[in-house]
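Number of protein chains: 2
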Amino acid sequence: MSEKNLQWVLARRPVGAVQESDFRRVESDIPKIGDGQFLVRSHYLSLDPYMRGRMSDAKSYAKSVELGEVMVGGAVGEVIESRHPGFKPGDKVVGAFGWQLYAASDGSGVQKIDDRRVPISAYLGVLGMPGATAYIGLLDIGQPKAGETVLVSAASGAVGSAVGQIAKIKGCRAIGIAGGAEKCRYVVEELGFDACVDYKAGRLVEDLKRAAPNGVDVYFENVGGAIFDAVLGFMNPFGRIAVCGLISQYNATEPYGTKNLRYILTSRLRVQGFIVSDHLPRWPAALRDLAQWVSEGRVKYRETVAQGIESAPAAFIGLLAGKNFGKQVVKLI
Amino acid sequence: MSEKNLQWVLARRPVGAVQESDFRRVESDIPKIGDGQFLVRSHYLSLDPYMRGRMSDAKSYAKSVELGEVMVGGAVGEVIESRHPGFKPGDKVVGAFGWQLYAASDGSGVQKIDDRRVPISAYLGVLGMPGATAYIGLLDIGQPKAGETVLVSAASGAVGSAVGQIAKIKGCRAIGIAGGAEKCRYVVEELGFDACVDYKAGRLVEDLKRAAPNGVDVYFENVGGAIFDAVLGFMNPFGRIAVCGLISQYNATEPYGTKNLRYILTSRLRVQGFIVSDHLPRWPAALRDLAQWVSEGRVKYRETVAQGIESAPAAFIGLLAGKNFGKQVVKLI
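Heads up: the sequence lines are chains V and U, in that order. To convert, count from 1 in the first sequence and add 342; that's our numbering. To convert, count from 1 in the second sequence and add 342; that's our numbering.
Hints are computed from structural coordinates only; laboratory data are not their basis. Incorrect hints may have been included.
In this list, chains with the same sequence are indistinguishable; a pair is considered to hold if it fits within one copy or across any two.
Straight-line alpha carbon distances no greater than 30 Å define the calculated DSS-like cross-link-like pairs of lysine-lysine that follow [to be verified]:
id: 1; residue 1: K542; residue 2: K601
id: 2; residue 1: K601; residue 2: K665
id: 3; residue 1: K601; residue 2: K401
id: 4; residue 1: K405; residue 2: K487
id: 5; residue 1: K346; residue 2: K454
id: 6; residue 1: K665; residue 2: K542
id: 7; residue 1: K551; residue 2: K405
id: 8; residue 1: K642; residue 2: K454
id: 9; residue 1: K551; residue 2: K601
id: 10; residue 1: K346; residue 2: K374
All chains should be modelled from the sequences, with the hints used to inform the complete structure.
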């Protein structure tokens with residue numbers, strides 16, 4: 343451990359598109375741990391769309407990252423030193439360790455994980471926050487019934503890919519929206535969705551009409567903007583829209599003006615925003631079911647792996663532009 | 343009964359603002375009744391914003407009025423002839439008798455009413471569909487808790503005035519939005535709301551901030567458009583928005599583009615459209631409670647009365663422009 347800690351701190355609040363220069367790379371000493379603490383060496387860092395919100399100081403559900411502070415983020419790693427009774431060196435853990443190689447922790451929000459049967463990085467995706475988001479957002483907020491049609495945007499992403507596969511397990515018709523023919527092919531051929539609409543093909547309304555001839559009962563929203571606006575017109579009476587993310591809007595300087603809100607009234611829709619951290623009591627059931635489905639091969643996932651902590655800002659910028667394919671992680675070790 | 347029936351039929355589907363020439367006045371014979379039918383002479387016709395939707399052929403929750411068909415509408419009146427075992431001459435009734443003086447009915451959707459203690463026209467307002475709308479939309483969809491802040495737009499109208507008064511009865515802080523100082527004064531001084539914002543004063547955001555210093559927990563939406571957009575930013579975490587009407591949009595040729603939908607996510611809002619006719623099982627409880635509150639003087643109401651069936655189109659156009667004050671009815675007799 344003669345090594346240094348490498349960290350990415352927030353250097354500047356982005357206006358519009360995030361730039362690499364909004365982050366600053368810092369070399370610091372590896373943290374010393376006190377009584378009741380342990381030291382984690384992270385193996386994989388998670389990159390997720392919500393981080394864009396933390397870079398801004400607009401009112402939101404979670405507090406912003408301060409300028410000069412280490413960027414927030416989940417990571418998986420190994421305990422390498424401990425003065426905490428509950429954690430010992432060699433334990434594999436997942437927690438909010440941030441964009442850095444080493445983190446001291448008192449155990450708050452940290453879970454031990456078992457990487458003997460699944461790759462450790464899965465705990466950042468399908469067996470972690472994105473998986474719980476898909477499960478809770480679809481089942482608790484969307485409340486699909488067997489035979490109904492479930493539509494999900496960003497369908498090849500960490501959350502969207504799980505949403506559609508859970509919908510199939512629950513007996514629904516699953517339709518995705520994704521950017522590009524390759525992602526759509528993956529969503530249908532590998533993940534088993536019934537159809538996928540390529541929003542980049544420029545025929546969104548026509549293609550939705552073809553993919554969802556009986557309308558949409560549950561829409562799981564990850565992107566917002568023009569896609570949300572178009573989907574409103576396809577919702578069946580008493581449809582539910584679970585608003586999980588609005589990635590198309592995060593870099594926008596001028597928000598999109600949604601025109602089709604009249605359908606909320608005429609189709610008696612329920613449109614509900616949710617944040618998975620408000621639903622902690624449901625996580626154990628979500629992660630237990632997902633682990634079961636992953637082990638049975640009924641829920642598949644894919645990762646885009648960036649190499650080395652140096653690559654984190656570029657990989658994050660790529661994520662916001664949809665350049666990733668499945669869960670975006672950064673391999674640190 | 344040597345008289346003729348006078349009717350207003352839909353002559354043309356309006357594009358944008360409704361015009362008097364969109365209706366055509368027709369003189370016809372008083373309908374003959376068959377077995378199982380009765381004849382009603384209407385005393386008051388109800389005018390309601392939902393009628394604008396029925397004039398258009400856009401997809402909606404209820405079927406459009408056909409060109410040449412009598413305009414739909416609730417009315418109260420008296421049975422003057424009957425071959426129906428359940429109704430006898432002299433019975434006072436409320437039903438969907440349309441924009442006309444006489445209607446034949448088989449009793450479907452018709453209720454007998456008691457006009458000995460309240461004026462018969464109240465059954466078109468606070469003791470009828472608008473009252474049930476306020477009660478069910480606020481209590482079942484909005485689910486306010488004592489101590490929370492309830493905001494309602496079109497607060498001096500038939501629905502809005504009941505919403506705020508029910509909110510007060512349930513221990514909430516009630517805030518209205520209305521057009522003009524006179525309506526706002528009425529809402530606060532006569533109806534007992536805690537505050538009212540005059541949206542015509544041109545300081546909507548500042549005035550909402552002053553009226554709702556602790557934010558809004560339940561918003562009962564009657565108008566849509568720019569007001570909906572502004573209110574989104576005032577909603578407290580886990581707030582509920584009951585979407586009852588979007589009157590600002592009914593005459594619009596180009597719908598308003600709503601920019602603040604990100605608050606649905608960041609404040610974890612539930613935005614739910616509803617139509618009172620989907621909730622028939624709740625009507626008896628709603629109307630029973632409202633009758634009780636009206637008799638105790640805890641729920642007050644006001645009417646704007648247009649004279650004679652000839653005045654119906656102009657009064658309806660005025661209603662869409664907010665020229666009425668409280669419930670708009672047309673006195674027929």
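Q.
Hint by hint, where does the structure go against what was stated? Just the numbers, ascending.
A. none
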